[in-house]
Amino acid sequence: MESRETGLCGRLKLKKYVRSYAMILALASIWIIFQAVTQGTFLSIRNISNLFRQMSVVGVLAIGMTVCLIAGNFDLSVGSVTGFLGAVAAWSISGLSQSPMAAVLLAVVIGCLIGCWNGFWIAYAGVPAFIATLGSSLIFKGGLYIVTQGTTIPVRDPFFLTLGQKYLPPALGYLLAGGTLIAFVFFDVRHQSSLSRVLGEQVSYFKRFGRYAGYLLVGAAFVVVMNSYEGIPIAVFVLLGLSGALTFVLAKTRFGRKVYAVGGNPRAARMSGINNAAVCMTTFIIMGGLAGMAGVLQTARLAAATPGAAMGMELDAVASSVIGGVSLAGGSGKVINSVIGALVMASLTNGMSLLNVNSDVQYIVKGLILIVAVWFDVRMRRAQNG
Amino acid sequence: MESRETGLCGRLKLKKYVRSYAMILALASIWIIFQAVTQGTFLSIRNISNLFRQMSVVGVLAIGMTVCLIAGNFDLSVGSVTGFLGAVAAWSISGLSQSPMAAVLLAVVIGCLIGCWNGFWIAYAGVPAFIATLGSSLIFKGGLYIVTQGTTIPVRDPFFLTLGQKYLPPALGYLLAGGTLIAFVFFDVRHQSSLSRVLGEQVSYFKRFGRYAGYLLVGAAFVVVMNSYEGIPIAVFVLLGLSGALTFVLAKTRFGRKVYAVGGNPRAARMSGINNAAVCMTTFIIMGGLAGMAGVLQTARLAAATPGAAMGMELDAVASSVIGGVSLAGGSGKVINSVIGALVMASLTNGMSLLNVNSDVQYIVKGLILIVAVWFDVRMRRAQNG
Amino acid sequence: MSAEVILKLCGIKKEFSGVRVLHGIDLAVRSGEIHALVGENGAGKSTLMKILSGVYPAGEYGGEFFLKGAKARFHGIKAAQRAGIEIIAQELELVLQMRVYENVFLGSGQKLPESEMIDRTMKVFRRLGIPLDPLAPVGGLGVGQRQMVAIAKALVKEADVLIFDEPTAALSEAESQKLFFILRELREKGITILYISHRLGEVLALSDTITVLRDGRLVETRLADRFDEGGLIACMIGRELCGRFPPALCEPGEEVLSVRGMSAQDSAGRRLVDGVSLSVRAGEIVGIAGLMGAGRTELVRCIFGAQPGRISGEIMLCGRPAAVSSPREAIRSGIGLVSEDRKLEGLVGMLDVMQNITMAGLGPLSLHGVMLDGEARRQAGYYVEKLGIRCTGLYQRVEGLSGGNQQKVCIAKFLLPKPRVLILDEPTRGVDVGAKYEIYELLRRLALEGVAVLIVSSDLPEVLGLSDRILVMKDGRITGELSRQEATQERVMYYATMEGN
Amino acid sequence: AQNEAPGTNEPSGAAVQQEQEEQEALPEEEGITVGVAQCTTQEERWRNDANALQKKADELGLSLQMVDAANDTATQATQIENLVSSGVDVILVSPTDSDAITPALAQAKAAGIPVVVWGRQANTADQDFFIINDFVETGKKMAQTALEACSAGNVVLIGGDKSSTVPTEMTEGMMSVLQPRLDDGSMKLVFEQYITNWMPDGAMSAMENALTQLGNGVDLVLCHNDGMAGGAIQALEGQGLAGTVPVVGMDAEIAALQRIVEGKQYSTVIFDHEGTADICLRAAQALAKGEPLDSLAVKKTAIEGAEIPTGEIPTIMITNENIMEVCVDSGIHTKEEIYLNA
Ligand SMILES: Nc1ncnc2c1ncn2[C@@H]1O[C@H](COP(=O)(O)OP(=O)(O)OP(=O)(O)O)[C@@H](O)[C@H]1O
Ligand SMILES: Nc1ncnc2c1ncn2[C@@H]1O[C@H](COP(=O)(O)OP(=O)(O)OP(=O)(O)O)[C@@H](O)[C@H]1O
Ligand SMILES: O[C@@H]1[C@@H](O)[C@H](O)OC[C@H]1O
Ligand SMILES: [Mg+2]
Ligand SMILES: [Mg+2]
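Protein chains in written order, with my numbering: chain B, 1 to 386; chain X, 1 to 386; chain A, 1 to 501; chain S, 1 to 342.
These stretches of chain A come out as covered by chain X in the derived footprint (C-beta under 8 Å, 3 or more residues):
| id | region |
| --- | --- |
| 1 | 76-85 |
| 2 | 95-102 |
| 3 | 108-114 |
Rather than coming from a laboratory, the hints here were simulated on the basis of the structure.
Predicted, not measured: the structure shown is a model, and the values here were computed from it.
We put the beta carbon where it would ideally sit given N, CA and C, even for glycine.
Throw the hints in and build the complete structure from the sequences for me.
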């Protein structure tokens with residue numbers, strides 16, 4: 001009996017993988033199609049590097065949005081706030097002659113404070129997230145125009161610009177990837193063995209090492225490709241680091257558990273002694289801090305803060321999460337899937353722009369592919385769940 | 001026991017009124033403040049007429065959005081679709097030399113078809129509404145640029161322009177208002193008496209006639225104010241007519257019940273034998289048709305279709321509904337409250353623009369007022385519900 | 001009793017993600033009989049009924065069934081309804097935002113004016129003998145009242161076959177009796193009733209035929225009078241059950257929980273709880289009995305800090321005053337409440353068994369905020385085993401559990417933080433006899449370990465059998481207190497229906 | 001999309017074929033592909049540029065790879081990176097933002113791809129030729145023209161979306177001309193509003209509100225583009241004032257030209273698209289072939305320490321006086337188009 005059940009559990013897990021693979025499959029199809037129609041430019045090493053750099057800002061917002069969405073909320077203000085904080089960072093360097101570190105810190109700290117503001121209205125004052133964050137979006141749009149005075153704030157600090165424009169030295173890239181993999185395998189082995197201790201069954205070594213091999217392959221391919229261009233872009237590295245950290249927070253911490261509970265059934269969470277308001281507040285603070293980071297990356301990438309920076313990016317962030325299967329109803333979702341979602345969005349934009357078609361046609365094709373890709377994903381999942 | 005409970009129910013009903021009054025109160029405060037700081041311009045008869053005309057396009061979208069929201073969905077494409085359909089109408093008049101009636105019909109019919117398209121992906125293919133309508137929004141944005149070729153399509157047909165720019169003759173205004181009130185009282189009296197027959201309890205005449213008097217007062221004030229300018233603007237009349245029709249559909253038809261049920265608890269609806277997909281599809285068709293109407297009104301108002309028309313209006317529409325207390329979670333909401341929500345949004349924009357403060361400050365103040373107004377509303381409701 | 005067969009099931013099979021839960025059920029139901037279905041939690045009763053009523057459409061199950069001789073292939077609930085099969089599901093599916101009468105007529109396919117719907121709703125409730133305002137929003141009703149709404153919903157439709165999946169789990173004796181009266185009336189009219197319940201007494205009294213399911217297989221179908229309770233239990237769980245309630249052994253210890261002058265008002269100013277005082281001692285199990293709407297649920301929610309509105313009164317824990325204004329504070333000070341509504345307030349459906357069980361005790365299961373996964377799994381595994389929660393593993397979503405097993409997960413959730421006071425509102429709602437006994441034993445053991453246990457239950461035999469002391473409530477007040485020795489059904493009912501003060 | 005011939009390196013079958021045909025016809029230009037990164041083509045002014053570029057490219061036998069950023073700075077950076085990836089020979093760019101464009105151009109530089117900047121300045125030395133359209137200058141010209149129609153009274157300014165720097169620059173130019181009159185009190189700036197997304201509807205509401213606030217006491221309306229001018233004129237129409245209050249716009253949209261001959265709008269600005277395209281592409285061609293640029297440059301501009309050869313985008317003010325010669329005689333529009341309603 002026991003063994004049958006654990007076997008099933010294995011199968012269920014497998015299905016979960018297939019679920020995230022569905023969108024990866026869709027992504028792969030998109031890539032292959034673009035590769036064909038761009039006659040090889042799309043998957044050129046250089047363009048892959050571009051692609052990842054291009055997705056990094058939205059990616060950082062998307063992983064923050066994932067946390068908000070899992071807790072059953074969302075944040076419409078991140079576009080404005082990212083623009084605002086990017087401008088704040090630029091202004092603290094160019095206007096206040098602060099050090100780049102101080103600028104980054106300032107953006108992130110103010111971001112957290114803005115998160116507090118949003119969280120306060122939503123969690124404690126009971127204003128619907130839609131209105132609270134729409135209001136904030138207006139407020140910080142105004143703030144952005146005030147900080148920039150309607151013009152661009154250029155940033156020349158080379159160290160600051162490194163964040164958006166430079167690459168990790170190849171050797172460091174290999175080192176980091178190797179280190180991450182080893183750490184991961186170490187913890188996974190420990191985790192699995194404690195699992196089998198409880199469930200009284202050995203998890204198949206074959207399957208497990210297959211999985212490790214898979215990760216190794218993807219990781220190695222990524223680093224090799226990046227390194228054969230110029231190295232892992234620092235912005236991409238930041239995104240991956242933050243994604244890793246958030247994945248850990250959501251999966252392995254007490255707070256993470258609470259986020260899923262609050263989003264899944266707020267009443268049940270409250271009745272289990274969870275402080276829903278505090279959890280909700282914290283998710284917005286995380287989102288705010290990440291918006292600060294995104295603003296910094298955006299400013300560093302463009303070497304300037306502009307009055308229109310990051311406008312409308314909140315929709316891209318939510319879209320990335322939803323493409324990655326995060327439910328708007330709360331309670332479910334994974335950071336890594338949102339990153340994949342952001343990659344899908346970036347691929348569409350990048351691929352369409354490589355193609356020499358009218359921008360109106362581009363909009364139409366992009367809209368269609370978006371719908372079809374998600375539909376494919378949904379269908380796969382349904383077929384899996386019978 | 002029986003009578004005690006019906007008494008309670010009466011009180012509950014009263015509370016519901018207070019609930020819609022809370023936002024009216026907030027609206028009134030906003031009006032009074034603007035009246036003071038604009039030194040009397042805000043509540044001048046002329047500006048009130050402006051205000052209502054300025055809200056009519058968003059208003060039409062907001063009432064459609066209400067239906068989608070009640071059914072537990074939403075539509076991000078309405079901005080693009082409205083722009084697209086406005087351009088289609090303009091082009092069918094200016095380019096195809098169609099009659100204005102045909103143009104209106106075309107816009108509404110194509111709107112319904114677009115609703116079908118959205119509804120199909122959401123209800124039948126299972127694509128999340130966020131993605132399906134975001135995709136559509138891109139598609140019809142592209143369509144808009146193709147139809148307009150990036151330039152303005154002027155419309156000169158006087159009959160068509162009437163829709164956006166002219167007024168009902170004052171006498172007709174009085175007639176319609178009077179007629180509506182009489183019809184309303186007639187049906188309400190019938191309804192109440194059939195209710196009291198069933199419940200075996202007399203509904204207090206005093207309360208009832210108080211209510212009628214209230215409606216009479218508001219209606220008369222509205223018509224008198226409008227007539228002392230130039231009459232009820234036709235666009236406003238269209239909005240009111242459509243609101244009335246949708247209110248009826250939601251409150252009094254079987255389809256309306258189903259919309260609330262599907263949004264309130266989709267599983268319960270399914271278990272009751274409701275065809276959730278069909279209901280969802282229909283709400284999007286309604287939304288699409290209304291977007292067609294909104295596009296027509298917008299084009300008629302500007303005497304032209306422009307490539308940027310109605311851009312981003314979906315957010316205003318959703319915001320209006322949410323301000324009006326419609327829950328994003330589905331299952332509750334009223335058309336009339338969304339109209340009030342749209343009026344709140346329009347009042348903020350109008351009042352701030354009368355004040356002629358810096359546009360950055362305008363954004364900030366608008367954001368703040370929005371949050372505070374909704375917070376006040378939420379607080380009132382909470383206080384009522386304990 | 002040889003009426004024609006209205007429903008004939010041939011080899012019905014069903015699996016969920018590869019796990020077979022029905023292994024080929026053959027069954028014949030005769031027209032106009034009350035046919036009961038019993039079996040342990042997770043035996044497959046609800047699943048079978050969902051197949052008959054189109055919830056699982058044709059193609060999602062194996063085997064076939066015939067309705068009135070014709071092969072039935074329903075592609076949805078609507079199709080089943082058209083064919084004359086109506087189900088009142090175990091997990092109540094009502095639209096909380098809508099009013100009672102709107103729910104009753106939801107999807108009924110009847111075109112009726114509003115006043116007519118209200119009128120008919122009132123008539124149904126009059127028949128059911130409960131005063132329920134047809135205009136009240138369902139969200140404000142207790143579980144019992146919601147159950148009545150669901151029943152009314154089925155009764156206003158004209159069905160040939162009515163399926164009731166544990167309709168009385170949240171009803172007290174008096175309300176159940178009214179329902180039985182109506183069911184018998186329907187039987188007279190020739191309507192066939194399929195009836196699922198874990199209350200074996202009522203099954204034996206009500207039904208004509210009884211079918212027993214075990215582990216997805218049909219073990220017995222017999223006329224009801226060929227069964228007695230012991231035999232039925234043996235047939236269900238495959239062994240004899242000695243004694244339905246564990247004996248009370250202990251001498252109560254110190255006073256752990258003491259409540260003074262607890263009152264609660266709702267938003268309309270109605271007193272739901274009216275100056276209640278009570279105390280529970282370590283090692284004691286105190287039961288609260290009463291009819292539906294007596295205010296029992298509100299009382300325990302007050303103690304747990306979960307009741308909205310104006311609350312007054314004081315709570316003492318181990319002689320010290322405790323400020324309990326939220327469930328969080330309650331749990332911190334050692335109070336646990338297993339809510340009567342597991343779906344709304346108990347479970348997070350999309351999370352797995354482990355996450356649900358550990359939800360109220362995350363603190364001790366983490367170090368510096370990081371979850372101690374091994375420990376969490378160990379503890380959750382312990383309770384899964386101890387309560388006999390039937391699941392495919394700790395990582396199964398609780399949505400996929402049978403009703404009774406979901407209830408056990410809710411109980412486990414509040415056992416894990418090791419409370420000093422454990423309150424259970426309808427603790428065995430939907431739990432089978434075998435498991436009920438295990439829960440009783442567990443509660444008794446907890447009491448022995450010094451926990452103060454307070455239970456609210458509409459199952460009168462349960463209250464009588466389990467409690468050391470019984471409080472009876474009526475209209476928000478405690479109208480009587482009975483010791484284990486004095487308590488009888490009649491006495492409890494006397495206090496529960498007592499007029500005035 | 002019928003008015004735009006597909007780009008010649010379009011990978012679709014027909015386009016490829018077309019490209020081959022062209023290459024056969026013009027063997028000497030084989031291989032020159034110009035990557036064109038436009039800030040937007042959603043506005044008529046920029047779409048006209050796109051059309052003119054395509055036409056000119058066909059004449060010169062160049063391949064174009066056109067992308068447009070829909071006025072989004074980040075998108076544009078992306079697109080330029082993509083153009084560099086796809087290996088174009090020259091990049092022609094109209095920056096959405098002067099500073100934000102610099103890293104992308106540095107990449108082009110690093111890849112050895114010459115850059116021609118047109119429309120707006122790019123604040124970087126990483127460019128080879130610059131064709132300017134100075135919005136401060138344009139603003140000045142617009143205000144000067146407006147003063148011909150009205151030199152005293154209440155002025156309303158309806159500006160574009162502040163999410164780009166254009167409105168700020170145009171206002172700066174306009175104010176520099178109006179300032180003396182504002183100082184001596186003969187003119188008053190009574191209303192100044194910037195419209196989200198340059199939406200004509202927003203401009204119309206703002207104008208309605210201005211008229212309400214001022215009791216119709218408006219003497220001059222300065223709009224940052226024609227779309228918004230159209231909205232403002234609708235609002236004036238509602239008060240029966242269209243034609244009596246001069247309204248100034250920019251872009252020379254056909255609807256605006258029609259209004260000018262009807263007397264409802266006072267002036268607009270046309271960007272000489274053909275001339276622009278000619279200079280841009282000849283500069284691009286020269287750079288690709290490594291030829292000198294002297295004949296195209298009218299001056300040099302010092303940007304970030306480099307002296308960039310600079311050409312000028314001709315802008316022409318259009319009023320009822322010169323509309324025939326500028327728009328009809330040059331063949332941009334027909335008389336019937338413009339006089340449709342007059
Ligand atoms: N949606 C589902 N997904 C996965 N497993 C399910 C699902 N529904 C039911 N099951 C499983 O099927 C088995 C039978 O469940 P069912 O609900 O029919 O039991 P039951 O006899 O009604 O029990 P109870 O008395 O507790 O209500 C259980 O083991 C349950 O876990
Ligand atoms: N939120 C609410 N709003 C209005 N009335 C409520 C609300 N919650 C409960 N009630 C009413 O309060 C009364 C007491 O209900 P309560 O749930 O305490 O009864 P109970 O004795 O636990 O019975 P049961 O749980 O069996 O229904 C009921 O009449 C119920 O309808
Ligand atoms: O032509 C104008 C363009 O230059 C500016 O960028 O956006 C507004 C347009 O009208
Ligand atoms: Mg069941
Ligand atoms: Mg109860």
